[in-house]
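Visitor: These protein sequences, in sequence, are chains E and V.
Numbering follows numbering that gives the first Met the number 0, with no gaps: position 9 of the first sequence is 8.
Numbering follows numbering that gives the first Met the number 0, with no gaps: position 235 of the second sequence is 234.
Accuracy of the hints is not assured; some may be wrong.
Claimed, not checked - Distance windows between CB atoms, simulated:
1) E/K26 to V/V13: 46 to 56 Å
2) V/F196 to E/T137: 48 to 58 Å
3) V/K213 to E/N163: 52 to 62 Å
4) E/T137 to V/D135: 31 to 41 Å
5) E/R18 to V/K317: 27 to 37 Å
6) V/K30 to E/A216: 55 to 65 Å
To be verified - DSSO-like, lysine-lysine: derived pairs with alpha carbons at most 30 Å apart:
7) V/K303 to V/K291
8) V/K213 to V/K294
9) E/K9 to V/K303
10) E/K340 to V/K317
11) E/K50 to V/K317
12) E/K9 to E/K50
13) E/K26 to E/K260
14) E/K167 to E/K267
15) E/K21 to E/K340
16) E/K26 to E/K245
17) V/K252 to E/K50
18) V/K143 to E/K130
19) V/K252 to V/K303
20) E/K340 to V/K30
21) E/K245 to E/K329
22) E/K9 to V/K252
23) V/K252 to E/K26
24) E/K319 to E/K329
25) V/K30 to E/K319
26) E/K21 to V/K252
27) E/K340 to E/K329
28) V/K130 to V/K213
Said to hold, decoys possible - Output of the computed footprint for chain E on chain V, the stretches with three or more beta carbons under 8 Å from beta carbons of chain E:
29) 22–34
30) 256–266
31) 323–333
Think of the hints as simulated: they come from the structure by calculation, not from any bench.
The C-beta atom is built at its ideal place from N, Cα and C for all residues, glycine as well.
So you can see what is in the structure, the chains are spelled out below.
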Amino acid sequence: MTHHNTLPLKYIDEYRDARLVKELAGKIQRETRHPWTIMEICGGQTHSILKFRLEDLLPPEITLIHGPGCPVCVTPTEKIDRAIDLAGRHGVILASFGDMLRVPGSETDLLSAKAAGGDVRMVYSPLDVLKIAGDNPTRQVVFFGVGFETTAPANALAVIEARNRGLKNFFLLSSHVLVPPAIRTLLNEGGGRIHAFLAAGHVCTVMGYEEYIPIAATYRTPIVVTGFEPVDILQGILHAVRLLAKKEYRVHNAYARAVKKEGNPAAKALIREIFQVTDREWRGMGTIPMSGLELSPAWAEFDAEKAFEFRVKKKHGAGKCLAGEVLQGKILPAQCAEFGKTCTPEHPLGAPMVSSEGTCAAYFRYGKYQNNRS
Amino acid sequence: MPSCPVPISEYERVLLAHGGGGKLSARLFEKMIRPCLSNPWLDLSHDGAMIRLEGRRIAFSTDSYVIQPIIFPGGNIGELAVNGTVNDLACCGARPMYISLGLILEEGLEMEVLWKIICSVREAADRAGVKVVTGDTKVVDRGKADRIFINTSGIGIIGEETEVSPASCRPGDKILLSGKIAEHGIAIMSTRTGLEFDSPIVSDTAPLNHMVEKIMASGAGIRVMRDPTRGGVASALNEISRSCGYRFIIREKDIPVAGAVQGACEILGLDPLYIANEGKLLLIVDPGDEQKVLKIIRADPLGKEAACIGEVLDSRDKLVEMETVIGSTRIVDMISGEQLPRIC
Chain E
0 MTHHNTLPLK
10 YIDEYRDARL
20 VKELAGKIQR
30 ETRHPWTIME
40 ICGGQTHSIL
50 KFRLEDLLPP
60 EITLIHGPGC
70 PVCVTPTEKI
80 DRAIDLAGRH
90 GVILASFGDM
100 LRVPGSETDL
110 LSAKAAGGDV
120 RMVYSPLDVL
130 KIAGDNPTRQ
140 VVFFGVGFET
150 TAPANALAVI
160 EARNRGLKNF
170 FLLSSHVLVP
180 PAIRTLLNEG
190 GGRIHAFLAA
200 GHVCTVMGYE
210 EYIPIAATYR
220 TPIVVTGFEP
230 VDILQGILHA
240 VRLLAKKEYR
250 VHNAYARAVK
260 KEGNPAAKAL
270 IREIFQVTDR
280 EWRGMGTIPM
290 SGLELSPAWA
300 EFDAEKAFEF
310 RVKKKHGAGK
320 CLAGEVLQGK
330 ILPAQCAEFG
340 KTCTPEHPLG
350 APMVSSEGTC
360 AAYFRYGKYQ
370 NNRS
Chain V
0 MPSCPVPISE
10 YERVLLAHGG
20 GGKLSARLFE
30 KMIRPCLSNP
40 WLDLSHDGAM
50 IRLEGRRIAF
60 STDSYVIQPI
70 IFPGGNIGEL
80 AVNGTVNDLA
90 CCGARPMYIS
100 LGLILEEGLE
110 MEVLWKIICS
120 VREAADRAGV
130 KVVTGDTKVV
140 DRGKADRIFI
150 NTSGIGIIGE
160 ETEVSPASCR
170 PGDKILLSGK
180 IAEHGIAIMS
190 TRTGLEFDSP
200 IVSDTAPLNH
210 MVEKIMASGA
220 GIRVMRDPTR
230 GGVASALNEI
240 SRSCGYRFII
250 REKDIPVAGA
260 VQGACEILGL
270 DPLYIANEGK
280 LLLIVDPGDE
290 QKVLKIIRAD
300 PLGKEAACIG
310 EVLDSRDKLV
320 EMETVIGSTR
330 IVDMISGEQL
340 PRIC
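Given only the sequences and the hints, what does the whole structure look like? Please build it.
Guide: What follows is the structure in structure tokens.
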């Protein structure tokens, strides 16, 4: 869009430059000599790919499949049911990010719980929740905090700050997940169907990419740390194609303006201080060992899982929703019989149709499905 | 009582998104309100009704304002309530004349705040050249409303030759926009999220009727006018496209957005195309009159940054597509839920 009377948006406009995009697309066209399947991990990248229709610029040999990098999408139903359970209780305020409120649990969602009388609040930062807790000392305030390594430092900070402020009524219902174990699972189960990964730039901004080096080597799968704008993504794909052609199974950092090999040491230290690594169930993918974060014993007083008794029972099966297959890149949304029919953003059957990082929402919103139909 | 036509299985209760101006709002109207109250005027589902009274053509419109916060950068709920109804009438091609003012006050609202809002109502009415000729005040218990809600209704006169309706759109028609988008929604959003900018983003709330009058007086071929409020430019274009049946194309690079607004949207993960405006005019015009209309709008203090952002295509599939800044083309769908609650 035109930015009137202002300077270009730094780090945005130059990465949406039509000339650069054309140049990169040309290079990818010329250098691709083999059919490659490349998975972008992050839902933010999926949305950029669909929003800018980047696949139209790629040669037919390249297939992009979309990964599980949508934190809202991989949050297990049982966890959402627990949040809904808490939201319905007298004396509890449940706060979360906007997307999370619309994701269906096994029976309903948090917005419906709100309409039914629950005190559910949408926040933009976990620190907002501390203010709510401070303002409502007689209520129990639960932050339903989901996310990958990107949101963990801010949630860790909120827990530390809660202790600093002496808050006894702040709790974290956490469903943090980690990217590298998910990549290993996809590669273990994939049977060679994924040839290269675009790693999520923001996750690597926090964590660095040292963890990815052994994965690339062990599974002989190049991993390119990639940003989110059209130029970033095409650069990521170009590097993946080049590494594949040269059979170089290593990590390349194509997002060097944000990512250092070691990541952000201060943020990593915060995560280590507050959380410990644990097994975690991923919606649609099952339990992945050592793939989640939970509050460590020293901070257990803030752990909603320990502070509350839950009345939800574990339910099995997601009905007709094929979110698991979509999240693992096994199918495209349009291959699901419910997509765009019984499952729409207004009436989602599964989380990928809800989240601003969800693959189904991206396909629905940006009209890709129209082409697949015709 | 007939049974409820909205499948109860879908939503048992009203959600905020039912008032968000997107697909759920549309469904509420289509499934419950329109079938129950159907008549030729309501069925057009325009922002205002165009009716004939004793031979005169009249536009009639109503709107309620529940914005939070009630005083925001660039305005307050009082002037918003006047401008909103004035703009709905203007977009019917009418000259707004008289409006009503319904106040619902929460017990405990500071008199000073109420006075400020009433003064703003007067100033906005003076600016638009309309009179507040009737009104009503109710007070509810503390906690039963959020300080103040306002309803305004208004009537205006439509010239005998005026014909604005989506049905008149033709392939090749130009889509014009009177200025930079998304300022109202982002101004509200930045107060709620505590975002601060070097130059603060302020609401664009303003009456469009004087600009519209000049456009109508020029005799230019105006097919449709809309003020793209809730749901933004994207939702307004989708509505028009559905009414007229044609596909539209817009060009991302031609859509005026302030740098700070674009920056805020990037930070908040919002798309400016779906963010509310309260003082922008979206028009579809005869291609032969494009330059004439742009010149009139740009001469108006509210329209300096007016631009042609796209056109009507010769394809009857009711889609809105956009050529992105990188040259690819994608669909711009109607918003489904609410991007931001209670912005107007």
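Visitor: Verify the proposed pairing of E/K50 with V/K317, using a straight-line Cα cut of 30 Å.
Guide: Status holds; Cα separation ~20 Å.
Visitor: Run the distance test for E/K21 versus V/K252: straight-line Cα separation, threshold 30 Å.
Guide: holds, 16 Å
Visitor: Given the hint that E/K340 pairs with V/K30, test it: the Cα-Cα distance must not exceed 30 Å.
Guide: Within the cut-off at roughly 18 Å; holds.
Visitor: Is the Cα-Cα distance between V/K143 and E/K130 30 Å or less?
Guide: holds, 23 Å
Visitor: Does the structure keep E/K21 and E/K340 at a Cα separation of 30 Å or less?
Guide: violated, 36 Å
Visitor: Do the beta carbons of V/K213 and E/N163 sit within 52 to 62 Å of each other?
Guide: At 60 Å between Cβs, range holds.
Visitor: Starting from V/K252, check that the Cα of V/K303 is at most 30 Å away, please.
Guide: holds, 17 Å
Visitor: Mind taking a look at whether chain E covers the region 22–34 of chain V? Criterion is 3 or more residues with CB to CB distance under 8 Å.
Guide: It holds: at least three residues are needed, and the region 22–34 of chain V offers 3 whose Cβ sits within less than 8 Å of chain E.
Visitor: CA of E/K319 to CA of E/K329, is that 30 Å or under?
Guide: holds, 16 Å
Visitor: Is it true that the C-beta distance of V/K30 to E/A216 lies inside 55 to 65 Å, as the hint says?
Guide: The hinted range 55 to 65 Å holds for V/K30 and E/A216, with Cβ atoms some 57 Å apart.
Visitor: Does V/K303 pair with V/K291 here, judged by a C-alpha cut-off of 30 Å?
Guide: The hint holds at about 14 Å.
Visitor: Is V/K213 within 30 Å of V/K294, Cα to Cα?
Guide: holds, 11 Å
Violation of the numbered hints given earlier is confined to hints 2 and 15; the remaining hints are satisfied by the structure.
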